[in-house]
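With the hints as your guide, set chains B, C and D onto chain A.
Protein chains in written order, with the working numbering: chain A, 1 to 133; chain B, 1 to 133; chain C, 1 to 133; chain D, 1 to 133.
No lab work stands behind these hints: they were computed from the structure.
Note that the coordinates shown come from a computational prediction; the quantities given were computed from them, not determined experimentally.
Watch out, some of these pointers could steer you wrong.
It does not matter which identical chain is meant; a pair holds if it fits inside one copy or across any two.
The calculated lysine to aspartate or glutamate pairs, modelled on EDC-like cross-linking and capped at a C-alpha distance of 20 Å, are [to be verified]:
1) K10 / E74
2) K84 / E62
3) K117 / E74
4) K10 / D73
Protein chains: 4
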Amino acid sequence: MGYAFTLGFKVRDYECDLQGIVNNSVYQNYLEHTRHEFLLSRGISFAEMTRRGIHLVVVRVEIDYKMSLVSGDEFWIGLNVARKSKVRGVFSQNIYRHRDQRLALTANVEWTALNAKGRPFQAPELESIFDDE
Amino acid sequence: MGYAFTLGFKVRDYECDLQGIVNNSVYQNYLEHTRHEFLLSRGISFAEMTRRGIHLVVVRVEIDYKMSLVSGDEFWIGLNVARKSKVRGVFSQNIYRHRDQRLALTANVEWTALNAKGRPFQAPELESIFDDE
Amino acid sequence: MGYAFTLGFKVRDYECDLQGIVNNSVYQNYLEHTRHEFLLSRGISFAEMTRRGIHLVVVRVEIDYKMSLVSGDEFWIGLNVARKSKVRGVFSQNIYRHRDQRLALTANVEWTALNAKGRPFQAPELESIFDDE
Amino acid sequence: MGYAFTLGFKVRDYECDLQGIVNNSVYQNYLEHTRHEFLLSRGISFAEMTRRGIHLVVVRVEIDYKMSLVSGDEFWIGLNVARKSKVRGVFSQNIYRHRDQRLALTANVEWTALNAKGRPFQAPELESIFDDE
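Looking at chain A on its own, in the form it has when it is part of the complex (with noise of 0.2 Å):
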């Protein structure tokens, strides 16, 4: 399967809870970061749209949770995104653990923009992410 961007992690003691696996919350910061790393790929940055007042936000995720990842495990999370609707993109983005690439999680991250005012609405610097589709 081809990814329109990929990236490399190492699961941080921190990041595991008592059961020494990584929480459940804490894939959802890995795939947040793979997100913030695309844009940034393609000229845009979060913080910086944050700043001009514009909000991207997520509007549902589904998320598999196959195998769990523990301490010192790395991995790697390979991301695509689709328009849903002019106001609305999806990022599916899966995780492999890198010493054997069994898939460890898969996700579909639903996203708006939002403007000052807090309505939906389609930024122009976002249009060039769907390019590949």
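What follows is chains B, C and D alone, placed relative to chain A:
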């Protein structure tokens, strides 16, 4: 709507990100804490089960983010639980902002219990949580 | 020992790490939340000050970890505040486990207010917090 | 200044709080990860020691926050280790912003090893980390 369990919270500033709103991943912390407090209210300690080698794990989440919570917001989470199969259960959890009872988030969290070998199984001590169904 | 402000907490499982104890960094979350609630009790909103361009920042912390908190522990934090210089204050904060009032942690947190240019200054709205001295 | 170990990082947006800067507590995550990677580089796995009942714990931290890191900042942490007593060691750790090598934070982290009974002891496998002194 009736809930088997509810729990009150207040947003803490460190849970907000550079958009000034609660970060997406943090809601999973709130949801997890509510599930664990629900289990405790039924006499089941997540930490104690973990020590005995029984791992409750989330296998899938679906979360709809409907409204952002911000610094200082008080809110509560309502929880219901249903059996999905012999070895799977589903928690449905909704978050409401306290001051206007507006729905902020809905979630379905599918989980299973893993035995010491990592295999899904029907943990006897969890059967009682389905009694309300 | 008397405190200008106290706040109660309960450990949440996601705050525990693979040692099964609250992770060192999480205590700073507890301490910060207590400081911000203290400020609120004096009519000062950290988030609102931030929006107005006044940044309260920590410049130094000293923390002694005396006893680990674990899953389910209830505890409370006592806070006092003292002036260190014209533009610096110090919060002294202690954490006590509820069930035996045993001291779990002591902290000294030195802070200053930065104006819009990032320079330390004497923020007028903060003067009132030193009234108890 | 020479360091026994260094590690590079990049700020992730979810680590920033509503002030738009890395939250104070997050630096402790960075510092911990660096210590654990240093230990790994000496053949010592923190997670593995924990499983064997040896708990490395922090007993005191002193942190001076000299400059805030923000979204996108790359930085590195330099670490040295010294013996403080038979059962105590001290990591001194400094954080530098990559683009100008400016010092962002200095920390002294005092730690000990606890045996299965929770008593501080001289863990044989840790002796080698003091070899550089």
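Here is what the structure says about each hint:
1. For the identical chains of this complex, K10 and E74 are neighbours both inside a copy (4 Å) and across copies (17 Å), given an alpha-carbon limit of 20 Å.
2. Proximity of K84 and E62 under a CA criterion of 20 Å is satisfied in both settings, with 15 Å inside one chain copy and 18 Å between copies.
3. In this assembly of identical chains, K117 and E74 lie within 20 Å of each other by CA distance neither inside one copy nor across copies; the values are 41 Å within and 23 Å between.
4. Taking the shortest Cα distances, K10 and D73 sit within 20 Å of each other both inside one copy (6 Å) and across copies (19 Å).
Hint compliance for this structure: hint 3 is the single one not met.
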